[in-house]
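Add chain X to chain U, keeping to what the hints say.
Protein sequence lines correspond, in order, to chains U and X. To convert, note that position 35 of the first sequence is 35 in my numbering; the numbers rise steadily by one, no gaps. To convert, note that position 55 of the second sequence is 55 in my numbering; the numbers rise steadily by one, no gaps.
Rather than coming from a laboratory, the hints here were simulated on the basis of the structure. A quick note: this is a predicted structure, and the numbers were derived from the prediction, not measured. We treat Cβ as the ideally placed atom computed from N, Cα and C, and that holds for glycine. Among the hints, erroneous ones may be present.
As the list claims (entries may be wrong) - Label-pair distances were calculated between CB atoms; the ranges are: (1) Lys98/X with Glu9/U: 19 to 29 Å; (2) Gln146/X with Val55/U: 26 to 36 Å; (3) Lys36/U with Met38/X: 32 to 42 Å; (4) Lys36/U with Tyr193/X: 26 to 36 Å; (5) Glu9/U with Gln146/X: 22 to 32 Å; (6) Ser217/X with Val55/U: 20 to 30 Å; (7) Leu204/X with Lys36/U: 37 to 47 Å; (8) Lys206/X with Val30/U: 42 to 52 Å; (9) Lys42/U with Lys147/X: 18 to 28 Å; (10) Glu9/U with Met1/X: 50 to 60 Å.
Stated by the list, open to error - Simulated pairs of lysine-lysine, DSSO-like, Cα-Cα distance not exceeding 30 Å: (11) Lys98/X with Lys38/U; (12) Lys179/X with Lys42/U; (13) Lys72/X with Lys5/X; (14) Lys109/X with Lys98/X; (15) Lys180/X with Lys42/U; (16) Lys98/X with Lys147/X; (17) Lys62/X with Lys179/X; (18) Lys147/X with Lys206/X; (19) Lys33/U with Lys10/X; (20) Lys64/X with Lys49/X; (21) Lys36/U with Lys9/X; (22) Lys179/X with Lys36/U; (23) Lys105/X with Lys225/X; (24) Lys179/X with Lys206/X; (25) Lys38/U with Lys9/X; (26) Lys12/U with Lys147/X; (27) Lys31/U with Lys180/X; (28) Lys179/X with Lys12/U; (29) Lys36/U with Lys10/X; (30) Lys98/X with Lys31/U; (31) Lys179/X with Lys33/U; (32) Lys72/X with Lys205/X; (33) Lys62/X with Lys38/U; (34) Lys147/X with Lys179/X; (35) Lys38/U with Lys205/X; (36) Lys62/X with Lys109/X; (37) Lys180/X with Lys105/X; (38) Lys144/X with Lys62/X; (39) Lys49/X with Lys62/X; (40) Lys38/U with Lys203/X.
Here is what each chain is made of, one letter per residue.
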Amino acid sequence: MLESMNMEELIKLIAPVIVFQFTLMIFCLVKLKNDKVKYLPKWAWALIIIVFNFVGPIVYLLLGRERD
Amino acid sequence: MITFKAYFKKEFIEGIRQYKYIALATGIILFSILDPVMLKLLPSFVSNKIPANLIHQLFEFKPKDALANYIKDLFQIGTLFVVFTAAGSINEEIYSQKIVFPLTKGANKSQIILAKFLHFAIAICLFLFVGLFFNQYYANLLFKGQKIAISDIVHVYFLLCIYYMFVISITLLFSSFTKKNISAGILACTASYSTALLSQFEKLKKLSPYNLILLTSNFGLQAAKTTLVITILLIFLYLVITIIRFNSIEVN
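Same shape as in the complex, but just chain U:
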């Protein structure tokens, strides 16, 4: 059955991952709006979060936030 799967069906298979990526991106952008940041200006972090799938949001969460 899976051999006959087309591209669309395979993309449906990774739909949870796509949803997770989108949620993570939105979550990080909302956090970015309220957080103090370090190393880069806010617009640069926003660009990193949007451009680099998965890696961008995580890099921001781990390195970009100024902790009180």
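Then chain X, alone, in the frame of chain U:
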């Protein structure tokens, strides 16, 4: 033992508050799903550039190829997530003066390091378990050929756990020597990746922890004996150095 328990709980709460678990889960579990699907889609992506008869010859993947691809990505990208998640755990304690209060209450420094190490080790082992389980499921579902057995996964899981414990120990070591988590992260990444370089030399291969990653494709633990012993010794050594370093730092 009180310090150990208290710090273990503290690390757990901090892991949630600072989104460390999201980072670890993303770095470890995500590729377990993405990799087999991407490998499956690869022929479609290159179908315009390569003749159809060649595509079948070049891109005929088996479930074990998908597992090998996941392990490769874990080493290349997952390590970055693990290192940068753990990189700030000691230097932040010292230089943001969080450690002062626990120390005045008589906290044991060795137990603090052990709690941190064990916390990361347990978290990573759990995420690795979930990641390998997902990868096995997707790889067996998407590809024809010999299926990945549970025993293969157990073998890979054991070797990866030991390798990542080594990565955590080296990260904690550098975290105790540097002031910023970014510098600790870069140093730990360099050290972890250079183990791959070390394994290029046939004589040094068995001494390099990266050999554990290479041995994941060789489903049997006999060949991994020497490397396992060396890696476990290195983990102990790094932890001891970290404890000595942490004890010698003057906290203001």
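* Among the hints numbered above, which are violated by the structure, and what are their numbers in rising order? -> Going through the list in order, the structure violates hints 1, 9, 13, 16, 17, 23, 24, 28, 33, 34, 35, 36 and 40 and respects the others.
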